[in-house]
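Student: Chains as they are written, first to last, in the working numbering: chain A, 1 to 276; chain B, 1001 to 1269.
Hints are computed from structural coordinates only; laboratory data are not their basis. Every residue gets a Cβ at the ideal spot worked out from N, C-alpha and C, and that includes glycine. You may find that some hints are simply not true.
The calculated label-pair distances, taken between Cβ atoms and stated as ranges, are [what the hints assert, rightly or not]:
1. A/15 x B/1043: 54 to 64 angstroms
2. A/276 x B/1174: 28 to 38 angstroms
3. B/1001 x A/43: 14 to 24 angstroms
Far from chain A by the CB rule (all over 12 angstroms, computed), these chain B residues [as the list claims (entries may be wrong)]:
4. 1051
5. 1112
6. 1157
7. 1202
If you want the building blocks of each chain, they are given just below.
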Amino acid sequence: MSTDSQQNAHQSPVLEFKSSTFSVPVLVLASNDVITIEQQLQEKIHQAPEFFKNSPLVFDLQELNKLDLDIDVTELTHVIRKLGLLPIGIRGGGAQQNQQALELGIPIHSGHIARDGVYAANQSGTGAASTATSSGAPKQQAPEPEPELESGHDHESEQESTAEPQAVAVNTTIITHPVRSGQRIYAAGDLVILAQVSAGAEILAEGNIHVYGSLRGRALAGVQGNTEARIFCSALQAELISIAGNYKVSEDLNSAAHIRPVQIYLQNHTLVIKDI
Amino acid sequence: MARIIVVTSGKGGVGKTTTSAAIAMGLAKKGHKTAVIDFDVGLRNLDLIMGCERRVVYDFVNVINGEATLNQALIRDKNCNLLYILPASQTRDKDALSQEGVGKILDELKKDFKYIVCDSPAGIEKGAHLAMYFADDAFIVTNPEVSSVRDSDRMLGILSSKSRRAEQNEEPIKEYLLLSRYSPDRVKLGEMLSVDDVQEILSLHLLGVIPESKSVLNASNSGTPVILDEKSDAGQAYADIVARYLGEDRPHRFIDDKQGLFGKLFGRK
């Protein structure tokens, strides 16, 4: 013990990695004509100059590449910067475009491109250049950021690290089928399961977990350290429950007492199980 | 349109091969041209249960390797001329099976047969994986005890995530529960899980309960599928199961002496 604390005093950590999610406007391009883009972007900025001033921006080339239209990323970046925006990412670019972006110090964002891209394009519905922020908002106030989507992808995503700062806010994963023994489900946000979770199954979420059925497997909420996360279930028969690393195994749970709807949350580093 | 049925369980010794033989015979007896395939390469049993072990010339692996045609390998059953058996190879192991080879054979069988019953080996490895991969329907054979139920649950997870239908985002495999070796007396004594207990854990549509019965062992030893023993309780249970699978409405039997439980069961699904 004593040696431990001495060591700790010696090298108390001065840094810590945390993952965060940000809402960032995404510029979805539908034409490779940089002059038109500049023109239309300028008009947009003119509608809400305060919002766009020094605003971070991710540009999305997926639609363009779908149409086989090539664009010079260096030139595009130059135009964006000239208009007072700060590009912090490229999405849906080809290999060469990504390379160009990297050379300019712009990180490449991947993942969920297809749906976001389409959604953003539909949302704005305008011509060549548009942002994913609700276009045409004339106020000086910040228009709403990119709509959060990612709702209910009905499959098991087992990786999805959030190590890089993500441009997309993630919310709820909805699972409608029973989670069977041996299956593992990871949700980057909240996880809602509309069936039972069998013994030997494992469900993990960075946010809250809701199980509208019997919870017999292992449930871990707030796996990235969110101590505010909670677990809700219709019948608690779990093998293990954990919130932000604080866990209880079924032996610690008075099993028979909790076969009814309960919620589990963290209070002073202790798991509290309450009827609902 | 042909249907591929996999008879699977995860755990061994629960009655997969007995069930495969009985179901295949039952479907054929109802007038549907049916093939039953033994996927247990290296531990060939189905031919014994079907009583055709002395007529095996070519097997499943020979057909996959192109050493024999499907027609050469298929054995017509002696009790029913609409039923054909494709035996497993005893001298090889599961690595002799390939997804492509199995897919090809099933495609060919689909042209000619109404039902193709795949008798899965135990476990969740290659043999079991290939047996269920192409399935349209799955019969999950479970004994009323905890380890069998747990293994069935695991198998259900694999069916819903690793099958062809799952991978290609098609309509999921239809899953049916067959509870075998059921003994109401032992359930009453608390030595065995009840139908309700198993249903509660697996939440699966119950196709039928097969009682623990001497007739099953007798049938295996004599090489006649138990469904042909119409006087036996197990034979009747399988006949009910086939009828229910084909859409007939038959009340569940062999669960309890009392009638009360029936109503309870029907309330579930």
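Student: Decide, hint by hint, whether the structure agrees.
Tutor: Results for each hint:
1. A/15 x B/1043: 54 to 64 angstroms: 58 angstroms, holds
2. A/276 x B/1174: 28 to 38 angstroms: 35 angstroms, holds
3. B/1001 x A/43: 14 to 24 angstroms: Once the Cβ atoms are compared, 57 angstroms apart, the range 14 to 24 angstroms for residue 43 of chain A and residue 1001 of chain B is violated.
4. 1051: The claim holds: residue 1051 of chain B sits with its nearest Cβ about 36 angstroms from chain A, beyond 12 angstroms.
5. 1112: Given a closest Cβ separation of 34 angstroms, the condition holds.
6. 1157: 3 angstroms, violated
7. 1202: 8 angstroms, violated
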